[in-house]
Amino acid sequence: MPHASSRKLKCRRQMLDEAKTPESLVRVERLKVYFPITAGVLRRKVGDVKAVDDVSFEIVRGETLGLVGESGCGKTTVGRALIRLLDATEGSVRIDGEDITEASHSKLHRLRPRMQMIFQDPQASLNPRLTVAGIIGEPIIEHLNLSKHDRLERIYELMDAVGLSREYSNRYPHEFSGGQRQRIGIARALALNPDFVVCDEPIAALDVSIQAQVVNLLEELQDRMGLTYLFISHDLGMVRHIADRVAVMYLGRIVEVAPRDLLYEQPLHPYTEALLSAVPEADPEIEKYRQRIILEGDVPSPENPPEGCNFCSRCPKVMDICRRVEPPVTSTAPGRNVACHLYAASGDAN
Amino acid sequence: MPNSNGPLISVKNLKTVFRTRGGEVHAVNSVSFDLAQGELLGVVGESGSGKSVTMMSLIGLLPTPPAEIRSGQVMFEGSDLLTAEPRELRRIRGGKIGFVFQDPMTSLNPVFTVGFQIVEPLRRHLGLNRAAARKRAAELLELVGIPDPRRRLANFPHQFSGGMRQRVMFAIAIACEPKVLIADEPTTALDVTIQAQIIELVRDLRKNLGMAIVWITHDLGVIAGISDRVIVMYGGQIVEQGPVSEVFSDPGHPYTQALLGTVPAVRGKRIDKLKTIEGQAPVLENSPSSCSFHPRCALALERCGRELPLKMQIRGSHDAACFLAKTEMSPANA
Chain A
3 MPHASSRKLK CRRQMLDEAK TPESLVRVER LKVYFPITAG VLRRKVGDVK
53 AVDDVSFEIV RGETLGLVGE SGCGKTTVGR ALIRLLDATE GSVRIDGEDI
103 TEASHSKLHR LRPRMQMIFQ DPQASLNPRL TVAGIIGEPI IEHLNLSKHD
153 RLERIYELMD AVGLSREYSN RYPHEFSGGQ RQRIGIARAL ALNPDFVVCD
203 EPIAALDVSI QAQVVNLLEE LQDRMGLTYL FISHDLGMVR HIADRVAVMY
253 LGRIVEVAPR DLLYEQPLHP YTEALLSAVP EADPEIEKYR QRIILEGDVP
303 SPENPPEGCN FCSRCPKVMD ICRRVEPPVT STAPGRNVAC HLYAASGDAN
Chain B
44 MPNSNGPLIS VKNLKTVFRT RGGEVHAVNS VSFDLAQGEL LGVVGESGSG
94 KSVTMMSLIG LLPTPPAEIR SGQVMFEGSD LLTAEPRELR RIRGGKIGFV
144 FQDPMTSLNP VFTVGFQIVE PLRRHLGLNR AAARKRAAEL LELVGIPDPR
194 RRLANFPHQF SGGMRQRVMF AIAIACEPKV LIADEPTTAL DVTIQAQIIE
244 LVRDLRKNLG MAIVWITHDL GVIAGISDRV IVMYGGQIVE QGPVSEVFSD
294 PGHPYTQALL GTVPAVRGKR IDKLKTIEGQ APVLENSPSS CSFHPRCALA
344 LERCGRELPL KMQIRGSHDA ACFLAKTEMS PANA
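Residue numbers (the numbering used here), protein chains in the order written: chain A, 3 to 352; chain B, 44 to 377.
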């Protein structure tokens, strides 16, 4: 099996072969997704839940962007808006140059095969009345015009690729364990040879020993098929393992984006710092000396986020300005952006 | 921490079986362990490993049927909890042994105020009058770090956030100053920053109240940080137990070793390729007659499929149920 570093190397070499600079496959600009709050008999709109509030980032072809944050921070909403399972309120999402936020139904249908999603709960995302072959075959029927024989061949190919025995093709989802069900979901997502896959907490519902199996499979498939992933997760250890770059979200905004190693070794935003410091390590020696930053209180409601910086109500390094002015996004190094007043003035990391 | 007075709870040879339509499921198989006074015992294992069922069996919280406790002895303060009268058990539960469960929303009653639910055990177990119980309830809320406790007593569970609800659960659990607190995945449903708050709370509670805690979790990281001793469960059996620093630095059982290898670190060196444990956890239809981990074990010997490995002492109180435990894995100890 290819080593992950050689995998990245190969990826890079591929790019050089094509004589291109790293080209962004997904470009998100000022994305906003608001959900209206209605009240009264007339269901009049009285406010908005700002699930995603002005988010911009890019995903380079062949890379994995990790998107981390706590529950309710809007990471799943970003993932869904990216492949238009949700409509954006404002802003644009371009995948390989095509704006999908404005695309018509027929155009979207044409674009769908290129962008797919792997869901968190393999129990809920698989139709219990379809067999494995039926589930994996559904996108093929919808988008490709294959004969029955060719379709079955393709289904078998996919089952091989995700490590499911062909004998299982006529079984139903409930006959499988969580890890195997997730493999079915992965096979379905890959059925149409997508470029871009949103993995929404694909391992959160699985046991520890099964998580590693699924993550290794995702890496292997990325390597083989040249996939680009958005890997949404709250598991910071796993994101460090799989992602090339990491974006941290808090209350609907991206507070920091950085290459993986930089982010984990030298987090800039106070929230990233606190988040990383809160993760316990499976090593009693490290645990003895771990610096813990305990954040006070809870995440405020996205209905009514605080004035200025979203994080100001819990930030240990809060300043006066944070409570008044929304922090601008500052680039402190190539590919490294942080939205915090601490870095706004100097534009320097330390 | 070992202590002179002997263990607070001593479990011997506990077997719990579930009778289902599809046959029997042997959820807990000959589990024996001790809980010392004031210690924090971590219990780790994957879903279905029997960690929760073991702890629920101890204090008769399993519905019977379908559950059936086949054998065993649970000594607590000189009496066997498994043969205790239901009345006696009710007195112990919530009184001397407190509980916190994974999901605070489903374990709190949504139609009663939080105050009512904290006052209930105080009146029942300690016999306090209404006013005294109410006062104590406010103190308890303050102790678990809920601001404005007097006013909050009148709130319903849905008016609290997840982390706050779990704090309320802790307040109820410690209301009667129990000797033992059993916490079943108390932070699993919470976010990391909230988990950090709860862990900090437990550290404080332990320092102030000095009770013994059993912390059940699948998260090896949480265990590494807070517990004194750890029990690793697989297939309804204890495969390894010992002081937390030893078990993590020198795991004796291949399952523990593999499990530690599958968790990617946030700090320190990043590994390129995650180790996996192939296959999946067993559902035991019979009492195991061989090592239940051997089909997935990278180091399995031929005899692992035939015989049941017994507990092998590695060093002091650190032992593992594996034929390889003593001979190959810690030769320094021979």
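For the record, the hints were derived by calculation from the structure and aren't laboratory data.
Here the structure is a predicted model, which means the values were calculated and not measured.
There could be a bad hint or two in this list.
Straight line, CA to CA, 27 Å or less: simulated DSSO-like cross-link-like pairs of lysine-lysine [unchecked claim]:
| id | chain 1 | residue 1 | chain 2 | residue 2 |
| --- | --- | --- | --- | --- |
| 1 | A | Lys290 | B | Lys250 |
| 2 | B | Lys178 | B | Lys250 |
| 3 | B | Lys55 | B | Lys354 |
| 4 | B | Lys318 | A | Lys290 |
| 5 | A | Lys109 | A | Lys34 |
| 6 | B | Lys354 | B | Lys318 |
| 7 | B | Lys139 | B | Lys55 |
| 8 | A | Lys34 | A | Lys47 |
| 9 | B | Lys58 | A | Lys290 |
Pair ranges (Cβ atoms, derived) [as the list claims (entries may be wrong)]:
| id | chain 1 | residue 1 | chain 2 | residue 2 | range |
| --- | --- | --- | --- | --- | --- |
| 10 | B | Ser333 | A | Leu132 | 47 to 57 Å |
| 11 | A | Pro302 | B | Gly170 | 36 to 46 Å |
| 12 | B | Ser333 | A | Glu159 | 58 to 68 Å |
| 13 | B | Gly170 | A | Ile295 | 50 to 60 Å |
| 14 | A | Glu305 | B | Leu351 | 40 to 50 Å |
Using N, Cα and C, we set each Cβ at its ideal position, and we do this for glycine too.
- What hints, given by number in increasing order, does this structure fail? When the structure is compared with the hints, numbers 9, 10, 12, 13 and 14 turn out to be violated.
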